[in-house]
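Undergrad: Sequence:
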Amino acid sequence: MATKTATLAVEPGGATTSADRSGRRRVQIDFSPAAYARLESIRERGEAQSNAEAVRNALRLYDWFLRQREEGFEVRLVKGDEERAVELLW
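Residue numbers (the numbering used here): 18 to 107.
Hint data in this document are derived by calculation from the structure and do not stem from the laboratory.
Glycine included, C-beta positions come from ideal geometry on N, C-alpha and C.
One thing to keep in mind: the hints can contain errors.
[To be verified] Cβ-Cβ distance ranges computed for the label pairs, FRET-style: (1) VAL95 to ARG42: 30 to 40 Å; (2) LEU83 to VAL44: 14 to 24 Å; (3) GLN66 to SER39: 19 to 29 Å; (4) ASP47 to ASP80: 14 to 24 Å; (5) GLN45 to LEU78: 13 to 23 Å; (6) PHE90 to ARG43: 28 to 38 Å; (7) LEU106 to SER39: 31 to 41 Å; (8) GLN45 to GLY97: 37 to 47 Å; (9) SER39 to GLU87: 25 to 35 Å; (10) VAL92 to VAL72: 13 to 23 Å; (11) GLU100 to ARG77: 17 to 27 Å; (12) VAL95 to SER49: 25 to 35 Å; (13) LEU94 to ILE59: 29 to 39 Å; (14) GLU57 to LEU105: 20 to 30 Å.
Required output: the full structure, derived from the provided sequences and hints.
TA: Here it is as C-alpha coordinates:
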(Lines of atoms letter the chains of each structure in order from A and count residues from 1; the text may use other names and numbers.)
(Lines give C-alpha, C1' and ligand atoms only; values in the text may rest on other atoms or scores of the structure.)
Protein backbone atom coordinates (compact mmCIF):
# COMPACT_ATOMS: atom_id res chain seq x y z
CA MET A 1 0.00 0.00 0.00
CA ALA A 2 1.40 3.42 -0.99
CA THR A 3 1.67 6.09 1.66
CA LYS A 4 0.77 9.66 0.76
CA THR A 5 1.15 12.70 2.95
CA ALA A 6 -1.59 15.32 3.16
CA THR A 7 -0.44 18.86 3.83
CA LEU A 8 -2.31 21.43 5.87
CA ALA A 9 -1.31 24.98 4.94
CA VAL A 10 -1.28 27.39 7.84
CA GLU A 11 -1.51 31.14 7.37
CA PRO A 12 1.32 33.00 9.05
CA GLY A 13 0.37 34.65 12.32
CA GLY A 14 1.21 38.13 13.35
CA ALA A 15 -0.21 41.42 14.34
CA THR A 16 -3.04 42.94 12.34
CA THR A 17 -3.38 46.54 11.34
CA SER A 18 -6.55 48.53 10.82
CA ALA A 19 -6.04 48.25 7.05
CA ASP A 20 -6.01 44.44 7.01
CA ARG A 21 -8.92 44.10 9.44
CA SER A 22 -11.48 44.88 6.73
CA GLY A 23 -13.78 41.95 6.24
CA ARG A 24 -12.87 40.41 9.58
CA ARG A 25 -15.52 39.55 12.16
CA ARG A 26 -15.04 39.67 15.91
CA VAL A 27 -16.35 36.63 17.82
CA GLN A 28 -16.75 36.50 21.58
CA ILE A 29 -16.61 33.06 23.17
CA ASP A 30 -17.38 32.17 26.79
CA PHE A 31 -15.10 29.43 28.16
CA SER A 32 -15.41 27.43 31.35
CA PRO A 33 -12.26 27.62 33.50
CA ALA A 34 -11.23 24.14 32.28
CA ALA A 35 -11.79 25.03 28.61
CA TYR A 36 -9.82 28.28 29.00
CA ALA A 37 -6.95 26.39 30.64
CA ARG A 38 -6.99 24.01 27.66
CA LEU A 39 -6.89 26.97 25.25
CA GLU A 40 -3.92 28.48 27.10
CA SER A 41 -2.11 25.14 27.04
CA ILE A 42 -2.76 24.72 23.31
CA ARG A 43 -1.60 28.30 22.65
CA GLU A 44 1.67 27.69 24.51
CA ARG A 45 2.36 24.21 23.11
CA GLY A 46 1.49 25.36 19.58
CA GLU A 47 3.57 28.51 19.99
CA ALA A 48 0.66 30.71 18.90
CA GLN A 49 1.11 34.42 19.51
CA SER A 50 -2.43 34.85 20.81
CA ASN A 51 -5.57 32.96 21.80
CA ALA A 52 -7.12 34.12 18.52
CA GLU A 53 -4.26 32.56 16.54
CA ALA A 54 -4.64 29.29 18.48
CA VAL A 55 -8.38 29.22 17.71
CA ARG A 56 -7.80 30.01 14.01
CA ASN A 57 -5.23 27.19 13.80
CA ALA A 58 -7.66 24.79 15.48
CA LEU A 59 -10.43 25.77 13.05
CA ARG A 60 -8.14 25.17 10.05
CA LEU A 61 -7.17 21.75 11.40
CA TYR A 62 -10.80 20.78 12.07
CA ASP A 63 -11.85 22.01 8.61
CA TRP A 64 -9.05 19.93 7.04
CA PHE A 65 -10.12 16.87 9.05
CA LEU A 66 -13.76 17.25 7.98
CA ARG A 67 -12.80 17.64 4.30
CA GLN A 68 -10.68 14.48 4.44
CA ARG A 69 -13.55 12.56 6.02
CA GLU A 70 -16.03 13.92 3.44
CA GLU A 71 -13.73 12.65 0.67
CA GLY A 72 -13.82 9.17 2.18
CA PHE A 73 -10.41 9.21 3.84
CA GLU A 74 -9.75 8.17 7.38
CA VAL A 75 -7.05 9.76 9.49
CA ARG A 76 -4.51 7.45 11.12
CA LEU A 77 -1.71 7.93 13.62
CA VAL A 78 1.42 5.91 12.96
CA LYS A 79 4.29 5.41 15.42
CA GLY A 80 6.75 2.75 14.36
CA ASP A 81 4.77 -0.46 13.89
CA GLU A 82 1.76 0.88 15.81
CA GLU A 83 -1.16 2.35 13.86
CA ARG A 84 -4.38 3.88 15.21
CA ALA A 85 -7.43 5.18 13.36
CA VAL A 86 -8.61 8.62 14.49
CA GLU A 87 -12.29 8.90 15.32
CA LEU A 88 -13.85 12.00 16.85
CA LEU A 89 -16.72 11.31 19.22
CA TRP A 90 -18.77 14.32 20.25
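Undergrad: Starting from the range 30 to 40 Å, see whether the pair VAL95 and ARG42 falls in it by beta-carbon distance.
TA: holds, 38 Å
Undergrad: Holds or violated: 13 to 23 Å for the Cβ distance of GLN45 and LEU78?
TA: holds, 22 Å
Undergrad: Falls inside 29 to 39 Å, the C-beta gap from LEU94 to ILE59?
TA: Violated, since LEU94 and ILE59 (Cβ atoms, about 18 Å apart) do not stay within the stated range.
Undergrad: Indicate whether the distance between the beta carbons of GLU100 and ARG77 respects the range 17 to 27 Å.
TA: Check passed, 25 Å falls within 17 to 27 Å.
Undergrad: Given the hint of 14 to 24 Å, check if ASP47 and ASP80 actually sit that far apart at their C-beta atoms.
TA: holds, 23 Å
Undergrad: So the hint says 25 to 35 Å: do the beta-carbon atoms of VAL95 and SER49 match that?
TA: holds, 34 Å
Undergrad: Just tell me: holds or violated, for the beta carbon distance of LEU106 and SER39 against 31 to 41 Å?
TA: holds, 39 Å
Undergrad: Given the hint of 19 to 29 Å, check if GLN66 and SER39 actually sit that far apart at their C-beta atoms.
TA: For SER39 against GLN66, whose Cβ atoms are near 21 Å apart, the range 19 to 29 Å holds.
Undergrad: In this structure, is the beta-carbon distance linking VAL92 and VAL72 contained in 13 to 23 Å?
TA: Holds - the Cβ-Cβ distance for VAL92 and VAL72, about 21 Å, lies within 13 to 23 Å.
Undergrad: If I claimed the Cβ atoms of GLU57 and LEU105 lie 20 to 30 Å apart, would that claim hold in this structure?
TA: Taking Cβ atoms as reference, GLU57 and LEU105 lie about 22 Å apart, which means the hint holds.
Undergrad: Is it true that the C-beta distance of LEU83 to VAL44 lies inside 14 to 24 Å, as the hint says?
TA: holds, 19 Å
Undergrad: Taking 28 to 38 Å as the stated bounds, is the beta-carbon spacing between PHE90 and ARG43 within them?
TA: The hint (28 to 38 Å, Cβ to Cβ) holds, given that PHE90 and ARG43 are roughly 34 Å apart.
Figure legend: structure checked against the earlier numbered hints; the only hint not met is number 13.
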